[in-house]
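Enquirer: Could you put the whole structure together from the sequences, leaning on the hints where they help?
2 protein chains.
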Amino acid sequence: MGLNSNRVEDFSSHTGNTTVTTVKVSTEIPPEAATMEIHKVCMPPKKTTLQKLKHRVSDIFFPDDPLHGFKNQTWCKKLVLGVKSFFPICQWGLEYSPQLFRSDIISGLTIASLAIPQGISYAKLANLPPIVGLWSSRHLAVGPVSIASLVMGTMLRGSVSPTDEPILYLQLAFTATFFAGVFHASLGLLRLGFVIDFLSKATLLGFMAGAAVIVSLQQLKGLLGIVHFTNKMQIIPVLTSVLEHKHEWSWQTIVMGFGFLFFMLAARHISMKKPKLFWVSAAAPLTSVILSTILVFCIRSKAHGISHIGHLQKGLNPPSLNMLYFNGQHLALAIKTGIVTGILSLTEGIAVGRTFASLKNYQVDGNKEMIAIGLMNMAGSCTSCYVTTGSFSRSAVNYNAGAQTAVSNIVLASAVLVTLLFLMPLFYYTPNFILAAIIITAVVGLIDYQGAYKLWKVDKLDFLACISSFFGVLFISVPLGLAIAVGVSVFKILLHVTRPNTVVLGNIPRTQIYQNLHRYKEASRVPSFLILAVESPIYFANTTYLQERMLRWIREEEDWITENHGSTLKCIIIDMTAVTATDTSGIDMLCELRKMLEKRSLQLVLVNPVGSVMEKLHHSETLVTFGTSSVYLTVGEAVGDISASWKPQP
Amino acid sequence: MGLNSNRVEDFSSHTGNTTVTTVKVSTEIPPEAATMEIHKVCMPPKKTTLQKLKHRVSDIFFPDDPLHGFKNQTWCKKLVLGVKSFFPICQWGLEYSPQLFRSDIISGLTIASLAIPQGISYAKLANLPPIVGLWSSRHLAVGPVSIASLVMGTMLRGSVSPTDEPILYLQLAFTATFFAGVFHASLGLLRLGFVIDFLSKATLLGFMAGAAVIVSLQQLKGLLGIVHFTNKMQIIPVLTSVLEHKHEWSWQTIVMGFGFLFFMLAARHISMKKPKLFWVSAAAPLTSVILSTILVFCIRSKAHGISHIGHLQKGLNPPSLNMLYFNGQHLALAIKTGIVTGILSLTEGIAVGRTFASLKNYQVDGNKEMIAIGLMNMAGSCTSCYVTTGSFSRSAVNYNAGAQTAVSNIVLASAVLVTLLFLMPLFYYTPNFILAAIIITAVVGLIDYQGAYKLWKVDKLDFLACISSFFGVLFISVPLGLAIAVGVSVFKILLHVTRPNTVVLGNIPRTQIYQNLHRYKEASRVPSFLILAVESPIYFANTTYLQERMLRWIREEEDWITENHGSTLKCIIIDMTAVTATDTSGIDMLCELRKMLEKRSLQLVLVNPVGSVMEKLHHSETLVTFGTSSVYLTVGEAVGDISASWKPQP
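For the protein sequence lines, the chains are A and B, in the order given.
The first sequence begins at 363 in my numbering and counts up one residue at a time.
The second sequence begins at 363 in my numbering and counts up one residue at a time.
It is worth saying that the hints were derived from the structure and are not from the lab.
For clarity, every value in this text was computed on a predicted model and none was experimentally measured.
Built from N, CA and C at the ideal position, the CB exists for glycine as well.
Heads up, some of the hints might be wrong.
Stated by the list, open to error - Beta-carbon label-pair distances, calculated as ranges:
#: 1; chain 1: A; residue 1: Leu-737; chain 2: B; residue 2: Asp-810; range: 47 to 57 Å
#: 2; chain 1: A; residue 1: Ile-597; chain 2: B; residue 2: His-590; range: 50 to 60 Å
#: 3; chain 1: A; residue 1: Thr-930; chain 2: B; residue 2: Lys-635; range: 39 to 49 Å
#: 4; chain 1: B; residue 1: Val-442; chain 2: A; residue 2: Ile-838; range: 31 to 41 Å
#: 5; chain 1: B; residue 1: Gly-807; chain 2: A; residue 2: Gly-849; range: 30 to 40 Å
#: 6; chain 1: A; residue 1: Ile-597; chain 2: B; residue 2: Thr-436; range: 52 to 62 Å
#: 7; chain 1: A; residue 1: Leu-683; chain 2: B; residue 2: Ile-422; range: 30 to 40 Å
#: 8; chain 1: B; residue 1: Ser-548; chain 2: A; residue 2: Pro-528; range: 43 to 53 Å
Expert: See the structure below:
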């Protein structure tokens, strides 16, 4: 297919009178037109309101037809399928082999070496005791994620200090986790998974990058060895805080911190270049933790400036049902935090699921996924875990390490278990700067400047959405940044609906094809006709605009005819193919337009209205007032039939 | 055009396997297909980002090309046109004649007889001194309107009592008027008139009806002679208040009140049946005021229960610039009230303008209109007027009475002037029940139950928007009802975007027309092809849904083929004619879908992408990965070319 992208022509040329004369006009009506068969426009099959409602509801809530596998099966088969879909182990358990077990063990241990340092680091991000991060990591292939941790920490810290009231803070964190779970599960149960779609990829790109910058800047506390640091999240107070506490900077911390950061970034870079070396980036955090801990242990008497984790609790998750907090003044805060972190973790979880599903070519049921994440978080909140979801870095390692079944998660869980029970005292001398470096390494991948450049190249409005959410997060706050992101996305949709495109069509010679006059050079005007295509539903939000715009097209066409001595305009054809819906305002507009044109002796003809539009035209009795010869199936048939009807006249 | 509306067929039949077999399959490819010419899909003419931005901005803000009259004129002519457009008197002043003057006098006096009682009544609705209503009526063809008056009264009364702090109340009313004017003028200057379009006709229908019910119920105070009445606006407190104060009901008031109400409603009915008798309804209020005032004057010693207006101030509008209130605790309230009443009055004003413009076949420039209304209200607030706008009842009388030029407004203004200067004492005995009756007569026309029935018949979602705004106003509050109305309207747009329609196309025998298989009985499947039409832009908000839905269509098609031993599916054609826009998420979805289908040995072909979609496909280099033979201009050409390419193979 050839792209004539070298042609330079102003496609709004029709609006200025000077360049219009470049458009060709065919001297007569297309040849086939006169002899052709005329087809009727059908009404869609009749359905009652109830049937329509049922159809619509099933389309809104069950687009993927989740039970299709169960159709036309015997009862016995249905039962087996049902059990398999609830307990996937029945599916793969039968085919399990030592080979599979070997790859699962390897991948499980690889992820554990990534998950243990990350779990501790992310818990610090949310101001929670590090062990909570590990407790949370015991869950399956998922784990706490950086952005949600950060947001939870910031939102809760706004009202409750984690150092002054550690118990209340922990209670609120578990309660927020519980509500995040309730939010996930209810979205899933109500099959409202599509609300997540309103966070477009473009806005998420900006949002994630902004959050990553904030998270990284906050890690300067650990990397520079600063003791007193701001609680705020915006870029300005964070940078001010960094510069104000210059006297607290410790050169030993800085040297070692940046050294290990560089080491991990390099490991990450190697793994990205050669996916086979995935274990380099997976093992780097654990290696760094071990090396730095030994280093700090050795120089512990000389360098007092280096802060380390200190004493860690040991043991399994205690039940925390009694710590959920369902009344009192902070309940609203807990619910709000739960919903915001719920949205954030869900977005990442679903995105992870989809990415890997498309790599392995299977489909993810977003709603089922949400119910699972929701139940997990609700159960988690009762066993000392905080918000968890599918994590990108972990799933990527899981995938590259060749994990085959859920057994790799059992291996991961066992490794975390052993750590919790026996290895916690070893982390006593682990320095805080290494946790900071681990977090920075994890989030730096979220800054996707190449993606942003691609957005700029392809769609300027998407780029705008991206940078506004980026700066919203950086300069205002995370929840507001999220709100701005959604606002910009919705505004984009509304802008397209309020100001739809209208184009003038012309005939491509020797065919029945009618195309945009200003895009297809070979297309030519049909004398006495003005063929307009409306490229959007006709709604209350754009009726005024469309009416004005169409009258302006007619006015410009008449001006052009006067100037070029063309044949008088007699008929306006509106190609409704792309008018995929309408409402009462739209119908009223069409009727009004018809009346106005009738006063100017112009005929108005509609072409190819879609089913729902046709129904509405019928119910509003517009078809009766328009007359039977005002709706055609194709532009070609309309032109042929109408011009044939003119012939007998002088 | 014949409507086969008697055919009963479930058009979701394809989703169930049982009814699918009714669909015909043509045994071979349409005849013309093999020999046809293949047309290229063109790129739109190249434009720089700046050119595109300019084009887009001019389309968003200047759709009507406001300066088109000035194009291609000499400088001298341009000047004359400019003066004429700023001072319309230059236009009609030259052609003015005694005949025109006569009709202007008649219509001016007719409106005055309607405007004076209405002005007094509406001011009472806003708890303002009656004279403020008359002062406000001196302005041109416009006047205070009932809903805006009511809302202003309720919102201000929430914080300030008009009886305890009359001066502050008046100050706030003028300040709110000032801000309403600022709001109007700035919307107009920024050419943002289209925000008003988001109040769809359907939601306004419900909103107006709800407000009319509330206004009418509140008039029961006057009609029943109740002294102590609630300040609230919701239906429940109002009705409770009516029933709780049964002991205050006065039978004389009730008899006379309902008598005059019946008289005015009858007059209204007559005028509506016979537009020539317009003067009956126009004169009825003044007649009623005169008759009832005389009546109350005569029986003043016997019936103390009948409340009347009492002493009225006399004289012209005093300047009220010094009464504007720009600081202090109530400023926020004044701004809020100003904006809400501004939106309300604007909606009515623009609607009035459009209705009469379409009757007289000229176009209204909404933005110019807004600047005019805004300046008028800003000036009004400095001369003791409150929110005014084009009023429906008055404009209808103006139109029917045959007003020709602005001179009829001068006549109206003179009549009001005379009333203000000399006739005010005559209103001393005018009973309050007559004002209530005038208001009810004016608002009862806003309850358009036939319109609501038509909405139900044509568009169920429009009806839902209508009744939700109706009940929102009745049971919650006017501003919230308005917010609900906008919310429902926007939700409707978003719902359509998130869950767009997809249809399977079939070929209509002996043509190149491809239409919905389930709507056109004559259409038949093309073997080895699945032709899908997407009826919406492909956006971030619907990519997930569309991908799932398309994969489901493919799965169902394959199931059908297995069952019916059809020829294997080889190619999926997506008809993009109605995909009027896309974004980066949409492009990514298409690429991903192509990859998934490739793994299943299915070819993916796009047909007729519109200009902007084609551009994005090009910039994202999707066209390169898709290959040159994956984009066709028409479905027919795609089917012909692809099936021809299969022939040499076994």
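Enquirer: Compare the structure with each hint and give your call.
Expert: Comparing the hints with the structure gives:
no. : hint                              : verdict
1   : A/Leu-737 / B/Asp-810: 47 to 57 Å : holds (50 Å)
2   : A/Ile-597 / B/His-590: 50 to 60 Å : holds (59 Å)
3   : A/Thr-930 / B/Lys-635: 39 to 49 Å : holds (41 Å)
4   : B/Val-442 / A/Ile-838: 31 to 41 Å : violated (52 Å)
5   : B/Gly-807 / A/Gly-849: 30 to 40 Å : holds (38 Å)
6   : A/Ile-597 / B/Thr-436: 52 to 62 Å : holds (57 Å)
7   : A/Leu-683 / B/Ile-422: 30 to 40 Å : violated (55 Å)
8   : B/Ser-548 / A/Pro-528: 43 to 53 Å : holds (52 Å)
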